[in-house]
Amino acid sequence: MESIELKHLWKEYGNNIVLEDISISVKSGEFITLVGASGCGKTTFLKLLLGIETASRGQMLLDGKPLKDEPDKHRGIVFQRYSVFPHLNVIENVMLGEEFELSPLLGRTFGKKRREIRQHALAILKRVGLEDSVHKYPSELSGGMQQRLAIAQALIKNPSILLLDEPFGALDPGIRADMHKLILDIWEETKITIFMITHDLKEGFHLGTRLLVFDKYRIDPHQPNRYGATITYDIPVGNTDNRTLTEITSSMLKEE
Amino acid sequence: MKRLINQYPNRKGKILLGLIPFILFLGLYVFASHERLAVNENDKLMPALTTIVDAVSKMAFEPSKRTGEYLMLSDTTASLTRLGIAVCISALISLIVGILTGIIPKLRASISPVVTTVSLIPPLAILPILFIIFGLGEVSKIMLIVLGITPFLIRDTQLRVMELPEEMIIKAQTLGANSWQVIIRVILPQILPKLIDALRLSLGSAWLFLIAAEAISSTEGLGYRIFLVRRYLSMDIILPYVVWITILAFAMDYLLRKLSRSVFPWQLVPKGEG
Ligand SMILES: Nc1ncnc2c1ncn2[C@@H]1O[C@H](COP(=O)(O)OP(=O)(O)OP(=O)(O)O)[C@@H](O)[C@H]1O
Ligand SMILES: [Mg+2]
Numbered sequence: 000m001e002s003i004e005l006k007h008l009w010k011e012y013g014n015n016i017v018l019e020d021i022s023i024s025v026k027s028g029e030f031i032t033l034v035g036a037s038g039c040g041k042t043t044f045l046k047l048l049l050g051i052e053t054a055s056r057g058q059m060l061l062d063g064k065p066l067k068d069e070p071d072k073h074r075g076i077v078f079q080r081y082s083v084f085p086h087l088n089v090i091e092n093v094m095l096g097e098e099f100e101l102s103p104l105l106g107r108t109f110g111k112k113r114r115e116i117r118q119h120a121l122a123i124l125k126r127v128g129l130e131d132s133v134h135k136y137p138s139e140l141s142g143g144m145q146q147r148l149a150i151a152q153a154l155i156k157n158p159s160i161l162l163l164d165e166p167f168g169a170l171d172p173g174i175r176a177d178m179h180k181l182i183l184d185i186w187e188e189t190k191i192t193i194f195m196i197t198h199d200l201k202e203g204f205h206l207g208t209r210l211l212v213f214d215k216y217r218i219d220p221h222q223p224n225r226y227g228a229t230i231t232y233d234i235p236v237g238n239t240d241n242r243t244l245t246e247i248t249s250s251m252l253k254e255e
Numbered sequence: 000m001k002r003l004i005n006q007y008p009n010r011k012g013k014i015l016l017g018l019i020p021f022i023l024f025l026g027l028y029v030f031a032s033h034e035r036l037a038v039n040e041n042d043k044l045m046p047a048l049t050t051i052v053d054a055v056s057k058m059a060f061e062p063s064k065r066t067g068e069y070l071m072l073s074d075t076t077a078s079l080t081r082l083g084i085a086v087c088i089s090a091l092i093s094l095i096v097g098i099l100t101g102i103i104p105k106l107r108a109s110i111s112p113v114v115t116t117v118s119l120i121p122p123l124a125i126l127p128i129l130f131i132i133f134g135l136g137e138v139s140k141i142m143l144i145v146l147g148i149t150p151f152l153i154r155d156t157q158l159r160v161m162e163l164p165e166e167m168i169i170k171a172q173t174l175g176a177n178s179w180q181v182i183i184r185v186i187l188p189q190i191l192p193k194l195i196d197a198l199r200l201s202l203g204s205a206w207l208f209l210i211a212a213e214a215i216s217s218t219e220g221l222g223y224r225i226f227l228v229r230r231y232l233s234m235d236i237i238l239p240y241v242v243w244i245t246i247l248a249f250a251m252d253y254l255l256r257k258l259s260r261s262v263f264p265w266q267l268v269p270k271g272e273g
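Protein chains in written order, with numbering that gives the first Met the number 0: chain A, 0 to 255; chain B, 0 to 273.
Hints listed in this document are in silico derivations from the structure and should not be mistaken for laboratory results.
Incorrect hints may appear among the rest.
A few chain A residues facing chain B, derived, Cβ under 7 angstroms [said to hold, decoys possible]: (1) 51; (2) 72; (3) 81; (4) 156.
Stretch-level coverage of chain B by chain A, calculated; a stretch enters the list once three of its residues show a Cβ under 8 angstroms from a Cβ in chain A [what the hints assert, rightly or not]: (5) 171 to 179; (6) 185 to 192.
Ideal placement from N, C-alpha and C gives every residue a C-beta, glycine not left out.
Build the full structure now, drawing on both the sequences and the hints.
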């Protein structure tokens with residue numbers, strides 16, 4: 000069981016305070032959705048979790064130990080774009096994670112090993128509904144299929160945390176609904192901890208078990224960067240009344 | 000009638016339209032040469048096409064009386080060998096240095112200033128130094144081309160590596176890749192086609208340096224021949240040699256482009272090419 004504990008986390012870029020005093024603890028298996036106005040620091044928060052940015056102050060603990068400050072295979076990620084490798088076809092994209100593990104020198108496997116990885120990758124591709132596009136290159140896939148591929152690619156490493164940065168933001172509404180179902184099913188099967196950023200509040204409420212809203216609760220009109228955003232709402236999804244929803248919606252529409 | 004800006008030539012039309020300037024130019028030449036020869040039949044500046052054909056057939060299809068070699072063939076082989084070796088060396092160096100400096104920040108900090116400085120040295124200015132160090136043989140000619148095009152290739156490769164979306168490099172790390180694996184499985188395959196494109200762009204300079212080096216010190220080669228026969232004002236040899244060099248350069252560019260498209264099929268064909 001892996002729990003994440005963030006204590007008084009701050010992130011500043013020079014004089015620009017992006018995140019201030021974020022404290023939260025997350026149990027293993029939670030599905031957390033993050034919303035907030037554009038530019039308020041959601042991606043920055045995810046980057047901290049992923050280890051590609053370091054916090055200016057505060058602690059991030061995974062099971063009581065400091066989180067590693069560089070990406071590793073325990074934390075999978077799906078970005079809005081550029082998550083898959085254009086020079087590998089669908090199945091090669093998924094196999095890659097296992098090949099890194101089994102072949103430190105070449106990052107490439109042959110023979111029996113390769114066949115085994117292939118079987119594993121095929122099973123995952125079937126799971127995300129890409130079994131008919133195994134030999135296509137990403138440029139031949141639709142946006143939704145590319146995101147399915149990105150998810151499949153992350154899943155082969157069995158990460159304990161999956162980070163998603165507006166993964167469906169560029170997709171049509173109909174395809175989005177399919178993707179919601181897919182991600183929910185996968186979450187239920189694997190009980191993986193998910194952090195998902197979304198611009199769509201409905202998506203935030205529909206998916207997930209817990210909604211985090213990022214916002215600045217203090218604003219200095221003369222120095223907009225004086226204060227950072229923090230978590231202003233932390234609500235278990237499902238028991239929200241309409242007024243809260245309206246409040247959150249208006250906070251999201253605010254300009255930075 | 001559609002507007003001019005909306006009218007496109009079909010395949011045949013496109014080729015025809017492209018040929019028109021060449022045919023016009025050739026016609027102009029024949030006319031001018033004819034006029035000049037009518038005034039002075041010993042004019043050397045614009046030899047008649049028949050004179051050129053004679054000269055070419057002598058250079059290309061008859062063994063030289065002195066050496067027994069087919070001169071145009073031996074010139075071509077000599078030049079292409081130098082060019083080929085130099086381009087391969089440059090490509091290899093820039094691939095290694097460009098990728099490493101592009102992806103490893105500490106190496107970039109240490110090596111980039113040197114590369115930038117070297118790229119600012121005019122290569123021809125150090126040609127005498129090369130001749131002094133490496134002698135008048137093949138090495139200094141190859142070195143001149145290498146020095147001339149490698150800094151550009153390194154910088155281009157480094158920029159291309161840095162242009163790769165950060166997301167991809169991060170993604171690879173979340174899949175468990177170490178630095179070496181990121182380089183050989185993510186960066187190298189995506190950079191190779193871009194290196195080929197950069198090579199195509201630097202072929203022009205490579206030819207320039209080749210011909211310059213051959214003009215100054217050589218005993219065979221396309222550049223050597225042109226500068227040799229210049230003494231006798233042999234336009235009937237110079238002109239076809241220039242055309243021949245142009246054809247060779249065009250063929251190399253074409254082959255590199257085809258190579259890139261066929262070895263790296265995952266590339267999207269850019270608009271307007273194909
Ligand atoms: N590397 C950086 N250097 C300096 N400032 C940065 C850097 N990365 C982000 N910022 C700043 O941090 C703030 C938050 O950016 P972030 O990308 O986290 O916002 P976001 O909530 O993800 O926005 P969006 O919803 O538009 O994706 C922005 O004001 C941005 O200018
Ligand atoms: Mg963002």
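Verification of the supplied hints:
1. The closest approach between the C-beta of residue 51 of chain A and any C-beta of chain B is roughly 6 angstroms, which is under the 7 angstroms cut-off, so the hint is satisfied.
2. The interface hint given for residue 72 of chain A holds, since its Cβ lies 4 angstroms from the closest Cβ of chain B, which is under the 7 angstroms cut-off.
3. Because the closest C-beta pair between residue 81 of chain A and chain B is about 4 angstroms apart, less than 7 angstroms, the hint holds.
4. With 7 angstroms as the threshold, the beta carbon of residue 156 of chain A comes within range of chain B, its nearest partner Cβ sitting at about 6 angstroms, so the hint holds.
5. Given as covered by chain A, the stretch 171 to 179 of chain B passes the check, having 8 residues with a CB less than 8 angstroms from a CB of that chain where 3 are the minimum.
6. For the stretch 185 to 192 of chain B, the stated coverage by chain A is satisfied: 3 residues place a CB nearer than 8 angstroms to a CB of that chain, which reaches the threshold of 3.
The structure meets every hint from the earlier list without exception.
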